[in-house]
Structure formats: C-alpha cells, structure tokens
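*Asks:* If you read the protein sequences in the order shown, they are chains E and X.
FYI, my numbering numbers position 110 of the first sequence as 110, with every residue one higher than the one before it.
FYI, my numbering numbers position 172 of the second sequence as 172, with every residue one higher than the one before it.
Because the hints were derived from the structure by calculation, they are not lab data.
Watch out, some of these pointers could steer you wrong.
Unchecked claim - Taking beta-carbon pairs under 8 angstroms as the criterion, some of the chain X residues facing chain E (in silico):
#, residue
1, M134
2, Q136
3, R142
4, I145
5, R148
6, Y307
Unchecked claim - FRET-style restraints, in silico, Cβ to Cβ:
#, chain 1, residue 1, chain 2, residue 2, range
7, X, R52, E, P173, 46 to 52 angstroms
8, E, A159, X, E194, 42 to 48 angstroms
9, X, N390, E, P91, 48 to 54 angstroms
10, X, F45, E, P172, 48 to 54 angstroms
11, E, P91, X, V310, 56 to 62 angstroms
12, X, W271, E, Y147, 23 to 29 angstroms
13, X, G27, E, Y126, 45 to 51 angstroms
14, X, A268, E, P91, 39 to 45 angstroms
15, X, D178, E, P172, 15 to 21 angstroms
16, X, T6, E, A159, 34 to 40 angstroms
17, E, Y147, X, E194, 40 to 46 angstroms
Just so you know, even glycine gets a beta-carbon here, dropped at the ideal spot from N, CA and C.
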Amino acid sequence: MGAMERPATVARDSPATHGAASGARTLVIGYGSPIRGDDAIGPLAAEALAAGSLPWGSRVLARHVLTAELAEDLAAADRVVFLDACVDGEPGEVRVRELAADASAVSTMAHFHDPRELLAWCETLYGRAPRAWLVSVAGRSFDYASYRLSPPVAAAVAAMLGEARRLIEGPPPP
Amino acid sequence: MSRTVTIDPVTRIEGHARITLELGDAGEVRDARFHLTQFRGFEKFCEGRPYREMPALTARTCGICPVSHILASNKACDHLLSVTIPPTAEKLRRVMNLAQLTQSHALSFFHLSSPDLLLGWDADPANRNVFGVMRQDPSLARDGIRLRQIGQTIIEMLGGKKIHPTWVVPGGVSEPLDTVKRDAILALLPEGLEIAKRTYAFYKTLVPRFVDEARHFGTRPTLFLSLVSPSGHLEHYDGVLRLKDANGRIVEDGVPAIDYARLIGEAAEDWSYMKFPYYKPLGYPGGIYRVGPLARLNNADTCGTPYADVALAEFRMLQERGPVASSFHYHYARLVEIIYAIEMMERLLKEPDILDARVRARARSNRDEGIGVAEAPRGTLMHHYRIDDNGLITWVNLIIATGHNNLAMNQSIRQVADAYVDGNRLQEGMLNRVEAVIRCYDPCLSCASHAFGEMPLEVELRDASGRVLDRLRRP
C-alpha cells in the first residue's frame, strides 16, 4: 500500500461521540503529533474509528498529547483504549498490551503525560481507574513537517482499528 | 578561589534552561545567571512566508500558549490589512484569550508550583511533585484538573481544537458563535468561578507561611509593564501600554501598542539565547521591568469585575505601600486573574451582540508593517512583521513575555542566592529555592521540550581548577 496522503488541516482535536457523552463508559484516545510522520497514526486511527459505527456509549478523542485534564475523562470510563505510535519494533508491527496505573511513569514534559501516569492520577484522585489497553504501531519515520504515514505504518492502520474494535466491542470489563 | 554552581536543568518550568551561580572565596555569591540553552530561530525562518501563514506558524512557537501567539499574530495581520475587526469578533477573541489564561494559570499553580507551596521547599524531592500534592490534598488537585479542563473546553468549543485552533483569522474570526455553544460555555462558568474562589480563599491561608520567601523572591526594584484599557482597567487583549515604577509612579501611560519600540530596546548576551528587553530611557541593564500577572495587577486601577476587584484590594494589602514588589506574589496574582477571567467571560458571553454573524472584516494587505500586542498568561506578547509588495514576510520581531522578564529573573535569582545559598555546603532545599524563584515567573522557554519535576538533576560545586567540592544528585 502506498503512503497515506492527508491534508494538514484535519481537525484532530474534535471529539467524536457516539451516545451521550456524559454516559460514555468506553473511551478511545488516539494521540500523536499530526506533523511528525508516523506519530500521527493514533489520531488518524481515532478519526477513522469515530467515522464508523461503534457500540452505544463509546466516545472517541483525537489529541496531540495526553494532557492533565483527561484524568477526569478516564475516571468516568469503564475501559479505555489508547492508540499511539511507538519507536521500537518492526515498522508496522501492531501490539496490544494492558496498562496498569504507574505513578513512576512520569513524563519529563510539564504539559503532557504517559497514559500509565494518568491512570495513577485517576486512582489517587477519583479512587478508581478504568481497565486500559494500549494499541501501538511501530513507526519508521518521525520527521518534522512530515504529513505522510510511511507505507508499512499506513498498511497497519486497518489492523490497529481491528484491535481497537475487538477491545471496545468485547464484554464489559469485570 | 572562585567557584561555580550549575543547576541543570531547571525543573517544573516550560522549556530547558540552567542556572549558574558564581561563588567567591568565602562562598558568597558573586553572580547568578539564568541561561536559555536552546536556539530556535523562529523570527528568521518565517522570512519569505506569506503573512497570512504567520498565525499558524508562530502558534507553533508554543504548545502551552498557542492561543496567545495566534491572537497577537492575527492582530499584527489586522494591522497589515488596516482593518478594525467587527465588535463581536473582538469579544469572541477576548473570550478565547481569557479561557487560555484560565487553563494556563491553572497548570502553573496546581501542577507546577503547588508541590513547593503545599509541601515546602525542604520536603523530600521524591514526594515534592504533583503526586505528593494529590496525596496531601486530593480535592485541590481535582480542582486544578477541572479548572484546566474548563479552560481547554472553552477553547475547543470556540476554535474547534484545544491546541493550535485556526478559528481566529486576520480580520476577525472565521465562524460566529451559535446559541448552543454560547449556552454550553456559560454553563461551565459557575463551577469554574466556585473553584477559582475556593482556591483563592485557600491560598490566602497559605501566604502567611511564606513571609521569608516573599521577602527574598525578587523584591528588588523594577518597573512594571502591561496593557491597560484606555480607562486604566485590567486588560488582556487590547488597550494601551502603561509603565509604573517601583514606587507606583506612572512613567509611561496611554502609549499605543504599535509604538512599543519607542519604549522597549533589546540587548543580547553571549551566555543565553534569550534576548534581554529593557526600557529604553533607562538604558541597559538599568531599564529592568517585569510583565505578567504581577505587573498587570500593579498597573491596573481596577479589574472591573466584582469578585476580582475584592481580590485585587486584598492583593494590594500584601504590601504597605506602592506596587506589590515580591515576585513570589505572581502566584497570588494568577489566582486573582483566574477569578477575573471567568467573570469577564460570563459578561462577554451575555452581551446582546455576541451571536452576531458579522465577525470578519476582509481586505488585502494595505500597509507594509504590522504590529500586534496582547497579554499572554505570562505577560505582554509583541508580534511585529514587515512584508513586501507580494505579502511575503521580510522581517519579524517577536518579544515574548518570558523575554521581557529576563533581566528580572536574573536579578531575582541573584537575590535568592544571596539569601539562601551557602556556597560551602549545598542543600536540596536551598537550591530548590533558587529554582523556585524562576517558577514564580512561570517562564515558557519553548514548546519543543519541557522539563518536569522528576527529571534527573545534578548540581556540582567545583573550584576554579574544576575539582568537585560537593555534589547533589536527584535520581
């Protein structure tokens, strides 16, 4: 498959909600920079997911980064699926792993956070954290001012969406 | 024998920087410097681009306060077009600016500074972070998250995106506000105001603990620069420039923002990539001034909203006479401004013309030089462009809030170091106070990299020959 062409002006921060936002129990957050090549796969996949049919009560967000205020959204959900690019692995390789809250997974940046850190915020502040999974795709190119996914990563979008749908369409977490 | 202490990186600020302290033979502080160690060159690489790209380009200067750059840049573009934007567009831009101020001040207070304020400078560094705050006062931490969420949500409702929204355009805004969005934003504000008032009331109880820090965290005299409204009220979007001296005497007033260059000169030093703006009539480095929440409250005659004006009156009681001098009280000023921002957003959104569909003036470029000035959360932000006949940028000058405060930050570090640093023995709490004075200014050094509290920190004390006399390491 060739590289995925995409405009620079896609509104990746617009939330797409299926069902009442206040009653949403499944949250999908795709995150990454839209101008750094394969790092954009998270928000692109989130937008593709939001464009299709989803179980009632699912909520999908596309973000550049994970910010502090998302802790409240996470705490209101029963399950959360994060979609992100990663730097290790064969380009295009899709991996799924369950995440646990981890207060030591502190970002070195003041304005964005590791998903495990935000889950730890949930536990500490709201007394509960949702079950959470990270679906990641290994990237090949993270160049600045790059608006294309590399071919192996573009080819992995369908598999990433498949894993995300499997997680959100499955039975509710115990 | 002279020695140098280096604090690298400075933590819980936005960007990468280091501090060096030069010590004399007896361990006394001879000099203190705040170094910006990154070079970015935004002004240069914007040259040759169409001026209409400038709002989007310069917004990338910062992932923390892109709205501020978008507003200042679009104001410079309005100037290039020679248009007066529709009144509704101005009000909508003001709302977005105040939402940005709310979320930015919330991040600064709750996440970056509260570990110091709540847990103390001498607390174990392993606990002196946002998790320590959450454990000690979870309701305060929840309030911080919620207040930031309210600010970000308003930006997103108006601009379509939380970060780098493209809704503000040269000549106004691209879309009018509709009733649904207006009502949704208004519905958020009462909760925001309650949080702001609750936090302010709580912080007032903390202030007496910090008498010593307030006495040493940047109390040496400076001028204060900010926008004020033409009638002297607190102002964040437009208005005129006012400069007040340390005794409260107004030395410049009613200066149109486009005449900023008459007041402000810029010097450079070979040990930092940040420029050193100064007040021209007093020369460099004597023309030292501060911008940001502290300067804005010192300069404004009133806030113009009920709760914020009560808080402003209490703010002025922090000092017996004259402007509030201590940079430690930037924290206090931020909380007053959050109250103001929420009150003012409500007022603007209830204006009868806020839903007017006429929100954009259209024109081609009608002059070759444009200047836009607005108050960012951290202080006065200036964008100045020149273009050629084809509308391409030929020259750019950006003076950001943190740059305005550069001389003052260096002076403040020196003062804190004089008070707390014992050069013969390094202590975590002592050095953290040197860092903490920088956090008072909430400097935003770049959007490319942002250091946080858990970043490894190593401080070494060496003699002139390079021999390590003492070392502190934060894992």
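*Asks:* In ascending order, which of the hints set out earlier in this document are inconsistent with the structure?
*Replies:* 2, 6, 9, 12, 15, 16
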